[in-house]
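Q: Sequence:
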Amino acid sequence: MTPRELLETAIRYTELGYRVFPCIPRTKHPITEHGFKDASTDPAQIECWWSQHPTANIGIAAEGMLIVDIDGANNPWPGDPERSADLASAGAVAQTPHGGRHYLFRRPEGKDWKCSVGKLAPGVDIRTDGCYIVAVPSVIPEGSYHWVEGLNLEEGPDQLPVPPAWLVERLDTLTFGFATVSNVVVASGVANAIPEGQRNATLAKLAGTMRCVGMSRAEIAAALHRTNFDRCIPPLDELEVDKTAASVARYEPDQIATAMAENHFQEMFPAKPRHPIPVGKETRIRCVPDVICLADIEPQKVLWLWPGRIPLGRLMLLVGRPGAGKSFLTCDMIARISRGSHWPEPGFNKAQLGDSLLICAEDDPADTIAPRLIAADADRRRIHLLKAAKIIEVDGKEHSVAFDLSNVDLVRDTLEHLPECRMVVIDPIGSYLGGGVDAHRDNEVRSVLAPLAVLAAERGVAIVLVCHTRKASASFADDTALGSRAFVGLARSVLHLTADENDRDRKLLLPGKCNLSVSPPGLAFRIVGDPARLIWEPEPLKGFHADDAMTPGDKETTRGPAPTTRDAATVWLAELVRAGPMPVEEIKQQAKAAELGWRTIRRANEVLGIVPRKRTFAGGWEWALPEGGQPDAEGGHDPRRCPSSEKPGHLRENEAENGQKPLYSWEGGQVDDNLATFGDDAGNVATFEADGGLFPEHRGLPD
Numbered sequence: 004m005t006p007r008e009l010l011e012t013a014i015r016y017t018e019l020g021y022r023v024f025p026c027i028p029r030t031k032h033p034i035t036e037h038g039f040k041d042a043s044t045d046p047a048q049i050e051c052w053w054s055q056h057p058t059a060n061i062g063i064a065a066e067g068m069l070i071v072d073i074d075g076a077n078n079p080w081p082g083d084p085e086r087s088a089d090l091a092s093a094g095a096v097a098q099t100p101h102g103g104r105h106y107l108f109r110r111p112e113g114k115d116w117k118c119s120v121g122k123l124a125p126g127v128d129i130r131t132d133g134c135y136i137v138a139v140p141s142v143i144p145e146g147s148y149h150w151v152e153g154l155n156l157e158e159g160p161d162q163l164p165v166p167p168a169w170l171v172e173r174l175d176t177l178t179f180g181f182a183t184v185s186n187v188v189v190a191s192g193v194a195n196a197i198p199e200g201q202r203n204a205t206l207a208k209l210a211g212t213m214r215c216v217g218m219s220r221a222e223i224a225a226a227l228h229r230t231n232f233d234r235c236i237p238p239l240d241e242l243e244v245d246k247t248a249a250s251v252a253r254y255e256p257d258q259i260a261t262a263m264a265e266n267h268f269q270e271m272f273p274a275k276p277r278h279p280i281p282v283g284k285e286t287r288i289r290c291v292p293d294v295i296c297l298a299d300i301e302p303q304k305v306l307w308l309w310p311g312r313i314p315l316g317r318l319m320l321l322v323g324r325p326g327a328g329k330s331f332l333t334c335d336m337i338a339r340i341s342r343g344s345h346w347p348e349p350g351f352n353k354a355q356l357g358d359s360l361l362i363c364a365e366d367d368p369a370d371t372i373a374p375r376l377i378a379a380d381a382d383r384r385r386i387h388l389l390k391a392a393k394i395i396e397v398d399g400k401e402h403s404v405a406f407d408l409s410n411v412d413l414v415r416d417t418l419e420h421l422p423e424c425r426m427v428v429i430d431p432i433g434s435y436l437g438g439g440v441d442a443h444r445d446n447e448v449r450s451v452l453a454p455l456a457v458l459a460a461e462r463g464v465a466i467v468l469v470c471h472t473r474k475a476s477a478s479f480a481d482d483t484a485l486g487s488r489a490f491v492g493l494a495r496s497v498l499h500l501t502a503d504e505n506d507r508d509r510k511l512l513l514p515g516k517c518n519l520s521v522s523p524p525g526l527a528f529r530i531v532g533d534p535a536r537l538i539w540e541p542e543p544l545k546g547f548h549a550d551d552a553m554t555p556g557d558k559e560t561t562r563g564p565a566p567t568t569r570d571a572a573t574v575w576l577a578e579l580v581r582a583g584p585m586p587v588e589e590i591k592q593q594a595k596a597a598e599l600g601w602r603t604i605r606r607a608n609e610v611l612g613i614v615p616r617k618r619t620f621a622g623g624w625e626w627a628l629p630e631g632g633q634p635d636a637e638g639g640h641d642p643r644r645c646p647s648s649e650k651p652g653h654l655r656e657n658e659a660e661n662g663q664k665p666l667y668s669w670e671g672g673q674v675d676d677n678l679a680t681f682g683d684d685a686g687n688v689a690t691f692e693a694d695g696g697l698f699p700e701h702r703g704l705p706d
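So that you can map any letter, position 403 of the sequence shown is 406 in my numbering, and since no number is skipped, the others follow by simple counting.
There's no promise every hint is true.
Dumping the calculated DSS-like pairs for lysine-lysine here, alpha-carbon to alpha-carbon at most 27 Å [said to hold, decoys possible]:
1. Lys393 with Lys208
2. Lys246 with Lys117
3. Lys208 with Lys304
4. Lys353 with Lys545
5. Lys304 with Lys114
6. Lys246 with Lys208
7. Lys545 with Lys304
8. Lys246 with Lys400
9. Lys40 with Lys117
10. Lys400 with Lys390
Rather than coming from a laboratory, the hints here were simulated on the basis of the structure. Note that this is a predicted model, so its numbers are computed, not measured.
Model the full structure from these sequences, guided by the hints.
A: Below is the structure:
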């Protein structure tokens, strides 16, 4: 179907009197701001819409019509061949990509029927005022819509036939509670009818009985829908039935009742043997290894939402200080997914069009989240906020409670209703761990994140965990993430958001851990405007890792003076010894006069690569700058370092420090050009003139 044919078909529908609007190409979602409420019969408006969106699908508002939507090719409803023939008398019948049917009728005067899903029968929906359908020749990924041969739409909505009498009667029963003959037969022939005022309580009791014997939520819901359809007068809303099933399914089944109902009571509670099992004999319960050969594993490609940065089906960690712009960034990413637009980097990578689920504890939806999404040009119909958990009591009363990830099934249930969800954002993850979880204990964090990782893999969605940085310094960027290392350990990709040290308004998005691909380049953006939005720089920051952006305040350093104090001491010491070697004792005195601590001077010594030396065997130590600026000891020997303190021996403040030996215990050495160089095992090094009268007094010294 060409764009021209789509436009001509849409205009033809308006000429028949149908109100038409465009849907996002290959989807069922309206493009217009107010959805089907913007539908029009104005050909000029239709041309305007389709000139902007030439491949848009066609939506028709169901106003004034009664459309029976039967899902699936194998749906047996209505069962009776005569009733099936009655449906075929509709004004038009469309076949859907899934093999279902749309039967189009005119809604009779005075009938205030409501739209419903599955209430008329399982897999049978009703579309009327307040609903719409996607019309022929629209296309979705599963296929195209087309008219059944001989049943094309050729009449206006006011000329369509009315539904058959039996269908009118059944719709009246659903809407107004009138007990039709068929309803009475079902109620009296199978079970007692459930009148208004008793429906919620009765369904809750039935659900409790089913849960007690181990039935799952899905099984309970299916049974309650059948009971509601057959026995409740009038039937409850489908959503209300689902809530009852969900509420009761939260409770643990009774183990004994379940075992008896499923006929494995003896297996769970075997009788004790009359004689103990002999030692060494095999028992019924064993622990055996579960091993798989890697040759049997079929390799699979990693799927990416944002190539190199956000993998689908995995956990991703976004780390940054409070106020770094993490929430702005997630809004920007969500907006791109909602439109299927390009990611902010060179190349042709586009975000997969889809929905996003936002779980946010810090930002207000009305004054913060919504304005940011609007500024980012997001399609907010594709963005959903999980606010809280709603508890439904057995009496039908509802109240909201705080949500945390101990109830990961709540996220799973939400995603069941969002089949096109591509990304879940949890901002910040620390707010959703649960009250009993210590964020600094590895095993407790993993107990929460591991089920979340399983959910990501099940649904094929990217789950982005937004994480603050910790107050303490760290050696590497990934270690700055708040809490346990389990956050980084379970995430397959870690991105860091930080401010440029030289321009705090410039934000840097830099790679940290990346298990699934080569490390991507960094990116930069600014937050501008009111309401604020992101402006990305066009060029990536190649070869720039998150570790490279760590400021001195981020990095873990050894104990010692502040860099500014040490720098001043380094300059002072360099000037002092520039003229030549100077005795250490004199340097100490001058440092004291200059109010410089000796520890600071020793660190300055290491920076300068000072060469310690002894001019005579019995003389004191001297410090001198290295020749050519190289920190080598005279005679080619580096000062050996003490293993316990990593300080050269000549920097110790007294002989007792670290067990320094007295001079009479020197051992080993070499003589070169009448100079002798010796080192003791405490790290001291001495170079002095070889006095012929000196050596005989010290046994063990070289000849």
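Q: So, for every hint listed, does it hold in this structure?
A: Consistency of the hints with the structure:
no. : hint               : verdict
1   : Lys393 with Lys208 : 20 Å, holds
2   : Lys246 with Lys117 : 20 Å, holds
3   : Lys208 with Lys304 : 48 Å, violated
4   : Lys353 with Lys545 : 21 Å, holds
5   : Lys304 with Lys114 : 55 Å, violated
6   : Lys246 with Lys208 : 14 Å, holds
7   : Lys545 with Lys304 : 25 Å, holds
8   : Lys246 with Lys400 : 11 Å, holds
9   : Lys40 with Lys117  : 16 Å, holds
10  : Lys400 with Lys390 : 19 Å, holds
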